[in-house]
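Engineer: For chain A, the structure is supplied; the task is to place chain B on it using the hints.
2 protein chains.
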Amino acid sequence: MKAYILTIGDEILIGQIVDTNSSWMSRELNLNGIEVVGKGSVGDNARAIVEGIERASAVADVVIMTGGLGPTKDDVTKKTLASYFNSEMGFDEGTYALIEQYFNKIGRAIPDSMRDQATLPVRARILVNKVGSAPGMWFEEKNKIYISLPGVPFEMEYLMRSEVIPRLLTCFERRPIVHRTILTACEGESAIAKRLEAFEDSLPEHIKLAYLPGIGQVRLRLTGVWHGTVMEETSNQLEKEVEQKKMELVSLIPEIVYGFEEESLPVVVGRILLEKGLMLGTAESCTGGYIASQITEVAGASAYFNGSAVAYSYDLKEKILGVQSATLSTYGAVSEECVREMAEGALDALGVDVAIAVSGIAGPGGGTTDKPVGTVWMAVADRTKTYSKRVVFGRDRVKNIQLTSTYALSMLRQFLLD
Amino acid sequence: MKAYILTIGDEILIGQIVDTNSSWMSRELNLNGIEVVGKGSVGDNARAIVEGIERASAVADVVIMTGGLGPTKDDVTKKTLASYFNSEMGFDEGTYALIEQYFNKIGRAIPDSMRDQATLPVRARILVNKVGSAPGMWFEEKNKIYISLPGVPFEMEYLMRSEVIPRLLTCFERRPIVHRTILTACEGESAIAKRLEAFEDSLPEHIKLAYLPGIGQVRLRLTGVWHGTVMEETSNQLEKEVEQKKMELVSLIPEIVYGFEEESLPVVVGRILLEKGLMLGTAESCTGGYIASQITEVAGASAYFNGSAVAYSYDLKEKILGVQSATLSTYGAVSEECVREMAEGALDALGVDVAIAVSGIAGPGGGTTDKPVGTVWMAVADRTKTYSKRVVFGRDRVKNIQLTSTYALSMLRQFLLD
Numbered sequence: 000m001k002a003y004i005l006t007i008g009d010e011i012l013i014g015q016i017v018d019t020n021s022s023w024m025s026r027e028l029n030l031n032g033i034e035v036v037g038k039g040s041v042g043d044n045a046r047a048i049v050e051g052i053e054r055a056s057a058v059a060d061v062v063i064m065t066g067g068l069g070p071t072k073d074d075v076t077k078k079t080l081a082s083y084f085n086s087e088m089g090f091d092e093g094t095y096a097l098i099e100q101y102f103n104k105i106g107r108a109i110p111d112s113m114r115d116q117a118t119l120p121v122r123a124r125i126l127v128n129k130v131g132s133a134p135g136m137w138f139e140e141k142n143k144i145y146i147s148l149p150g151v152p153f154e155m156e157y158l159m160r161s162e163v164i165p166r167l168l169t170c171f172e173r174r175p176i177v178h179r180t181i182l183t184a185c186e187g188e189s190a191i192a193k194r195l196e197a198f199e200d201s202l203p204e205h206i207k208l209a210y211l212p213g214i215g216q217v218r219l220r221l222t223g224v225w226h227g228t229v230m231e232e233t234s235n236q237l238e239k240e241v242e243q244k245k246m247e248l249v250s251l252i253p254e255i256v257y258g259f260e261e262e263s264l265p266v267v268v269g270r271i272l273l274e275k276g277l278m279l280g281t282a283e284s285c286t287g288g289y290i291a292s293q294i295t296e297v298a299g300a301s302a303y304f305n306g307s308a309v310a311y312s313y314d315l316k317e318k319i320l321g322v323q324s325a326t327l328s329t330y331g332a333v334s335e336e337c338v339r340e341m342a343e344g345a346l347d348a349l350g351v352d353v354a355i356a357v358s359g360i361a362g363p364g365g366g367t368t369d370k371p372v373g374t375v376w377m378a379v380a381d382r383t384k385t386y387s388k389r390v391v392f393g394r395d396r397v398k399n400i401q402l403t404s405t406y407a408l409s410m411l412r413q414f415l416l417d
Numbered sequence: 000m001k002a003y004i005l006t007i008g009d010e011i012l013i014g015q016i017v018d019t020n021s022s023w024m025s026r027e028l029n030l031n032g033i034e035v036v037g038k039g040s041v042g043d044n045a046r047a048i049v050e051g052i053e054r055a056s057a058v059a060d061v062v063i064m065t066g067g068l069g070p071t072k073d074d075v076t077k078k079t080l081a082s083y084f085n086s087e088m089g090f091d092e093g094t095y096a097l098i099e100q101y102f103n104k105i106g107r108a109i110p111d112s113m114r115d116q117a118t119l120p121v122r123a124r125i126l127v128n129k130v131g132s133a134p135g136m137w138f139e140e141k142n143k144i145y146i147s148l149p150g151v152p153f154e155m156e157y158l159m160r161s162e163v164i165p166r167l168l169t170c171f172e173r174r175p176i177v178h179r180t181i182l183t184a185c186e187g188e189s190a191i192a193k194r195l196e197a198f199e200d201s202l203p204e205h206i207k208l209a210y211l212p213g214i215g216q217v218r219l220r221l222t223g224v225w226h227g228t229v230m231e232e233t234s235n236q237l238e239k240e241v242e243q244k245k246m247e248l249v250s251l252i253p254e255i256v257y258g259f260e261e262e263s264l265p266v267v268v269g270r271i272l273l274e275k276g277l278m279l280g281t282a283e284s285c286t287g288g289y290i291a292s293q294i295t296e297v298a299g300a301s302a303y304f305n306g307s308a309v310a311y312s313y314d315l316k317e318k319i320l321g322v323q324s325a326t327l328s329t330y331g332a333v334s335e336e337c338v339r340e341m342a343e344g345a346l347d348a349l350g351v352d353v354a355i356a357v358s359g360i361a362g363p364g365g366g367t368t369d370k371p372v373g374t375v376w377m378a379v380a381d382r383t384k385t386y387s388k389r390v391v392f393g394r395d396r397v398k399n400i401q402l403t404s405t406y407a408l409s410m411l412r413q414f415l416l417d
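As they're listed, the protein sequences go chains A and B. Take the first sequence: its letter number 413 is residue 412 in numbering that gives the first Met the number 0, and every next letter is one higher. Take the second sequence: its letter number 179 is residue 178 in numbering that gives the first Met the number 0, and every next letter is one higher.
Just so you know, same-sequence chains aren't split out, so a pair can sit in one copy or run between any two.
In silico DSS-like links for lysine-lysine, alpha-carbon gap of 27 Å or less: (1) 129 x 78; (2) 193 x 129; (3) 318 x 384; (4) 207 x 244; (5) 275 x 318; (6) 141 x 1; (7) 78 x 207; (8) 78 x 1; (9) 193 x 104; (10) 275 x 388; (11) 370 x 129; (12) 398 x 129; (13) 239 x 207; (14) 104 x 388; (15) 398 x 104; (16) 104 x 370.
Derived from the structure by calculation, the hints contain no laboratory data. Keep in mind it's a predicted model, so treat the numbers as computed, not measured.
Only chain A is shown next, with the shape it has when bound in the complex (with noise of 0.2 Å):
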């Protein structure tokens, strides 16, 4: 089966928002088996909604749009599917009373457009929308199918997971197809590439490596598709054999793989402060709080998180984190001295068993001959040892930041394993 994903929306064409929808479609379509062959977006108007679905429907099996569907006046896709399946449009007494009893669990009245919002092609198959006010539809046309999806990221999941998946699953018969994702940081894409190359050369037709460089992070997917007939034990061999190619590439270059799949390094540093029994704190500088918002991202970090001394000035590091007022004035607050004596501090002033720091020049401004932007130290410290690093990043501030958070906590990772 194959899948095409149209966004609409005016504010996608003009750049005032980032698609994280289809990204999300996308994924979730994959690991379902359903092969997503494109993507597409146009504005909020008649004529690119029907040139879009036409384009998608010349290349896939089931074509999936997002958007358009508000109470807002700029929302024309309704109409638009009305018109293209030849609908007439219908008040849904069904639809209006989810919205009413909707508005009722959030408390609130509820508004005149709503009843807009039950107002809906008679052709289409209504897909119950349990958490917002817009709901999807599916039509179907000459061996195709057509869902509808409102734009809102957490509503288009809902009905993704609930309606749109095990829907489709009926449908079709799927081809298997293995994706692993090794999550690898501190090494760029073409130093690792190097590495891989004999690897690379030794894969079989089916098997495929792809690099996909983040922050400071690059994220290696092997992904084996099977042309064969489908069958269950098929189906087993080609997970065994990616499953085999995975464990051999990651034997190539141990030190760098964190994880692997959708782990982030704040759940794998999370997960080995449990298993140890430890708990940790961060003192910040440069990051300003940024390390500590990934770590307590994950849910149920206040088992191993207790806090962070974000100290921004010297006055903080010395008041709060005990740096003494002679290292900041003959190093400064980029310096080794002081790194170490802000992790050192943290254990007591946090009451935590291990503490990162970090202090540097996250940009544009504030560097030096010595001490460029994107200098910054960072430590990691215990009871009965501390380890420190410099490390010189780019100009780019937002990019500095992450970049210090990542190799910080991969710092870390090394240190509790050791």
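Structural biologist: Leaving out everything else, chain B in the frame of chain A:
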């Protein structure tokens, strides 16, 4: 001039990356009066790329492609373009010299794969990439322009700004388009739409209003498009007209408007703090440093931000922020009493003039009947007064953290302006 953006890469179709490039490109093109009429994504295979190019050139004058130019083996764009435009490949000495320079600058040995990077279709005009190894390419055929750029965001951005946009502007006549964006916080799309209903009905045909909902924020975009003859005067007139409508809109919902265009709430709050000469600190529990990281993402934040105490545990709330042990045992950490003490304690603990404090249940666990998941108490204090309020958000952890940050910063803004 009409443009179409085609992003290339299997990682997009299987949803392993979120495509931020095309959103950035759309914004830049629009700001320069170049209308983006559509977007598409295809995988790393020659046939899909060719089909994508043909669909794109059917609706646009300029097709801008990104991705698939890396040194790794899964990247096929360059060869596909050479074949599509019937061009031989040739080794480009100039490009290789630049790549050598680039590797010298970053202090690394030049990998062998870089000879491939310098082997390019001879028909292409080379767009010199000074920030990476893959040059851009510019083809012209039958009055259409085809541009291929690397997919690494900052390399693509560099080439768009320094090469692509300046060249495009000399190629076509432009049609005036004027955008104005009004930024609001803490009120939903439907509620705002209701307040703006009469205003929206009063808009002339050539000015449209769009709603762009975000996390706790809605951006309102007015777009004026001129269909007549292109003249400097017309453009100025349209500009005035849209600006006037903007002011009218703001006067209808003044209390929720915090800024305009690309500003963020942390930027706006930072400007007010600077103007008033005040230092800020944050005392964070459920947000785990997220508010501080949002504030310090802004360059120059050290002029008005001293630091943060991320007090995730009861202990740290007492030890660093001076919350009374009795307050915690009587009312719990998620209480009005606790956040008020946190905010007031932060003034001294962080040595600041004004402080934000938040404490809540981010979820997904930890909720009770009295305090369900999503319950957040927040406070803002200076030396003379403390404001506090409770908000109940939803069940999604990351969203609750982001909403808390938006609501707290919005509360701080009101506090500072009162």
